[in-house]
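*Asks:* Each chain, written out:
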Amino acid sequence: MLELRNLRTAFEADGRRVVAVDGVSLRVAAGQMFGLVGESGCGKSATCRSILRLFSDARATIEGEIAFGGRDLARLPEADLAAVRGREIAMIFQDPMTALNPTMRVGAQIAEGLRRHRDLRGGAARREAIAMLRSVGVPGAEQRVASYPHEFSGGMRQRVLIAIALACRPKLLIADEPTTALDVTIQDQILKLILRLRQELGMGVLLVTHDLGVVAQTCERVAVMYAGHIVEEAPVAALFRRPRHPYTAALLAALPGRGRNRDLRAIPGGPPDLAAPPQGCRFHPRCPHAIDACRVQRPPLVETGDGGRTACLRWREVT
Amino acid sequence: MALLRYTLSRILQMIPVLLGITLVAFLLLRVLPGDPASLMIGARGSDADVLRLRHQLGLDRPLWVQYAIFLREMASGSFGQSLAYRRPVMTLIAERLAPTLWLVGLATVLAVAITFPLAVVSALRRNRLPDLVIKTVFTAALSMPQFWLGILLILLFSLRLHLFPVAGYGSGPLGHLWHLFLPAFVIALGTSALTIRSLRSSIIAVQTAEYIDTAYAKGLTGRMVMRRHILRNAAVSTISVLGVHTGWVIGGTVVIESVFAIPGLGQLLVASIAARDYAAVQGLTVVFAVMVTAISLATDLGYALVDPRVELE
Amino acid sequence: MTRRPGSPLIAGIAMLLLLALALAAGPALTGYSGETVDFSRALRPPSAGHWMGTDNLGRDVLTRVLLGGRIDLRIVAICVALPFLLGSAIGAASGYAGGWLDRIVMRVVDVLWAFPFYVLVIAIVGTLGPSMANLYVAFTLVVWISFARIVRGEVLVAKRAEYMVAARLLGFSHARIVLRHLLPNAITPAIVFAFGDAVLTILAVTALSFLGLGVQPPTPEWGVMIADGRNFIFDAWWISTFPGAAIIYAGLALTLLGEGIDDLLRPKG
Chain U
1 MLELRNLRTA FEADGRRVVA VDGVSLRVAA GQMFGLVGES GCGKSATCRS
51 ILRLFSDARA TIEGEIAFGG RDLARLPEAD LAAVRGREIA MIFQDPMTAL
101 NPTMRVGAQI AEGLRRHRDL RGGAARREAI AMLRSVGVPG AEQRVASYPH
151 EFSGGMRQRV LIAIALACRP KLLIADEPTT ALDVTIQDQI LKLILRLRQE
201 LGMGVLLVTH DLGVVAQTCE RVAVMYAGHI VEEAPVAALF RRPRHPYTAA
251 LLAALPGRGR NRDLRAIPGG PPDLAAPPQG CRFHPRCPHA IDACRVQRPP
301 LVETGDGGRT ACLRWREVT
Chain S
1 MALLRYTLSR ILQMIPVLLG ITLVAFLLLR VLPGDPASLM IGARGSDADV
51 LRLRHQLGLD RPLWVQYAIF LREMASGSFG QSLAYRRPVM TLIAERLAPT
101 LWLVGLATVL AVAITFPLAV VSALRRNRLP DLVIKTVFTA ALSMPQFWLG
151 ILLILLFSLR LHLFPVAGYG SGPLGHLWHL FLPAFVIALG TSALTIRSLR
201 SSIIAVQTAE YIDTAYAKGL TGRMVMRRHI LRNAAVSTIS VLGVHTGWVI
251 GGTVVIESVF AIPGLGQLLV ASIAARDYAA VQGLTVVFAV MVTAISLATD
301 LGYALVDPRV ELE
Chain C
1 MTRRPGSPLI AGIAMLLLLA LALAAGPALT GYSGETVDFS RALRPPSAGH
51 WMGTDNLGRD VLTRVLLGGR IDLRIVAICV ALPFLLGSAI GAASGYAGGW
101 LDRIVMRVVD VLWAFPFYVL VIAIVGTLGP SMANLYVAFT LVVWISFARI
151 VRGEVLVAKR AEYMVAARLL GFSHARIVLR HLLPNAITPA IVFAFGDAVL
201 TILAVTALSF LGLGVQPPTP EWGVMIADGR NFIFDAWWIS TFPGAAIIYA
251 GLALTLLGEG IDDLLRPKG
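Chains as they are written, first to last, in our numbering: chain U, 1 to 319; chain S, 1 to 313; chain C, 1 to 269.
Treat the hints with care, since some could be wrong.
Now the stretches of chain C that chain S is said to cover, found in silico as 3 or more residues with beta-carbon under 8 Å [unchecked claim]:
#	segment
1	29–37
2	61–71
3	117–123
4	203–210
Calculated directly from the structure, the hints in this document are not laboratory data. The C-beta atom is built at its ideal place from N, Cα and C for all residues, glycine as well.
Chain U on its own, in the form it takes in the complex:
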C-alpha cells in the first residue's frame, strides 16, 4: 500500500546540511502494523514526516519515491498532497501536550478535518466529533467536545489526537512515538486503542518507536534504523528470535530481562553526526565485528532467507 523507494531527505540544521534519511526503502502492506525502530536522531521521525512532507523548514528536500495508492507522493503538488493528508494518510505526534491547538475547542479541532474532507459542518460535524471522541474512549464525550485541550490529561489528549487523525477513516496511520511522553500504564492503554481501531477501520499503521518492547507487543513487521539507514527489516517474530544485524542484536540485548548488556551505552561510542557520517557501514565504529571492508563499502540490504533483510556484510558469520 505504501512503499518507500530510496527515500533521501535532507535539511539544514545549525547552518549545516544534514541528510537525515539516506536511501530508505520499505513497504507497509494494507492493514499491516509496521514498526520503525531506532535511537533518537536516527531519522525515523524524518522518514515519517517525509511521507506527508511535514517540514516547517522550506529548505528540506525529499528525493526518491513514495508510492501510495498508485501515486508518487514525493512528486505530488502541495495542494494534492494536502488532500491526501488526513483523508488517506493521517499522523499523530509524540507529545500530546503540545500537539493540540490550545486556543481551540477539541470538537472544533476534530470538525476541521471532517469539514475539509467529508464536507460535514455544523450539527453533523459536531455529532461526528462526539462519536469519534466516544470511539477513542473519552468519557462524557457530549460535554468534552466543548472543552479546551488544557482541560484534558496527557493520555486523554493523545486519545483526542487519535480522534482527529482517524475522523476521516484514513487507510494509513503514521504514529510517531505516540506513547513516549506518557506514563507506562497510559502507554499500554493507547497502544491497545490503536490496535483496536486498526481492526475496526482496517487501516495500516506505521508505528515509530525507540522501544523494541512496544514493537514486540504490537507489530507484524519491523525495520531498524541507524544513522539514516535501514540496517535490518524483518517479521517481528523472526527478528526477535534471531537478529541479523549486530546493531539489532545490541538493541535486543539492551531490553530489560534479555542478555547481559542492560543498555545501549554498553556499545562503545555514540550515534554518528549525520552532517559528517562515517564511511562504509555507519555502525562500524561501534561494531565489535567490524572488519576493513565495513569501513569502505556501504553494505546493501540482502535477503536472509527467513523473510527478512539485513545490511551487514558479515551477517552469516556473526549472527
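Given the structure of chain U, go ahead and fit chains S and C onto it with the hints provided.
*Replies:* For chains S and C alone, kept in the frame of chain U given last:
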C-alpha cells in the same frame, strides 16, 4: 459568569489605584514648586489679588482639607469649576471626549489592519526582501516624530492633493472618519512598528509548534492553518503589547490633536495648561489615567477571551 | 541573509560618531552662524550654498539643525540619565530590602504607571512652567518607574541565586552585597532599556518643545524648528522637514546602538 466575576473583582482591585491617581493629580499642583495663584494672575496682579485668588481656590486651607474637597468635587461628578471656561470641568471633558475616543478607536483599527498582513508577509518571507523592507520602514517609523509626520501628511494630502481636510473633527460618523483618517494613520504607524515586530516573532514561534503539524496533517491548506491556528495563537501575545502600548497612544493623541486641531481631550489639556486652568488640568489628568486603566482591564479581558488557558480568578 | 551579531552595534556607533562630529563642528562646518537674521536670504530652497535651505529669517537650516542637535542630545542624555540613576537606586533598594518599603514603592509605581506618559509630563511641565530644567524634573519624576521596575525584578531574581546566598553566609555588609554583587547583574537590562528609552525621549522632548512646553524659541531646537517652519510649510517645506529627518537619524542611531548593546550584554541562544 466567571468572566463577569473576574471583571468585578478586577474593578474592585482598581479602587486603590484610582485613589492613588486622584492623589497624584492633586499633589501635582500643590506640592510642586510654583504657586498656581501667582502663576494664574501673572506679573500684572498685586499681592492682594494673589491672596484673594488663593482664598477663592481654597489654597490657603490645610492640604488634607483641599484633598477632601477635591475628592468631593469628583464624587459629585463636576470635577470642580474651570476658571478659563467658567463651567464645570466634567462638562468640558464630556464635550471633548468623543473626538479623542474616535481617534483612539480608528487608530487602533488601522493599526490592526496594518499589522496583520504585514506581520504575516514578514514572517512567511523572513530575512528576505519583503521582510527587510518592512523591518527597515517600521524601525524608522519607531523613531519618527508623529507631529512631524502629521505636518508632512497635511502638506501632501490636504494642502497639495486636497484629499483630506486640514483640520477639525467633521460631523457625522463618516465626517469623523474622513477628518480623523490622517491623524489616526500617524498614530497607527507608530503602534504598528511595535505590534508588527511582536506578531512576526510570535508567528515564527507558533509556526514550529507541534499543533501546527497536527493542523497540516489534517489536510488543511497553508492559508487555513495560518488563519485558524497560527494567527489566533500568535495574536495572544500581541494583544498584550497593544494594551501596554495604549497608554503611549492615548498620551500621543495630545500631540496629534494639536497638530490636526482636533477638539479632543488632548487639545483641551494643552489649552488648559496655556490658560493655567488648574482645575481642568487636574480633571483631565485623572480622566486620562482612568482611560488607561480601563483599557488595560479591557486588554486583560480580551486576553482571557482569546486564550482559554488564562485563569479567571 | 544572516545578520552578523556585531553589525547593529558598529552601524549605530558609526552613525552616532558621524552625528557627533557634525554637531561638534557646527557653524564651522557650514560657514554660517545659524543665528544672524538676513531677510534678503529668507526662505531659499536647498541649494549648493544652503544644503537644507534657509528659514523665514534667512538663517541657514543646516546650521540650525546642527546647533539644535547639540541641545537635543544634551537634554536627552540628562532626561535618560537622571531617571536611570533614580529608578535603579529605588528599584535596587526596594527589591533588596523587600517588606514595607517594597510594598510602598510598588504601589507608587502602579499608580504612576496608570498615567499616560505624555499627559503626566505635560501636566508637570505645565505646572512648573516651560523650561529646560523643568523638562529634566518632569522626565525624572515620570520615567524612573520603568527603571525601578526592571532593576527590582532583576534584583529579586539575583537575590535567590547561589552566589548571593554565599555572599550573605560570608557575612558581607548589605552595601557591599548590593553594590558588588547585585547591581552589576541587575543593571544590564536597565542599560539596554535606557537606549530604547533614549529614542522615546528624543521624540517626547521635541514634541514638548513643538507644543511650546519645552525649549523656548529662539533657541535652535529640533521641535521648535519644526513648529516655526509649520507656518511656512506650503511654500518652504524644507524648514520643518530637515529637523524631523535629523530626529529620525538620531533615533535610528540610538536604536541600532541599543540593539547592538543588547546583543553584546545579553547574548541569546
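*Asks:* Checked against the structure, which of the hints given earlier come out wrong?
*Replies:* The structure breaks hints 1, 2; every other hint is satisfied.
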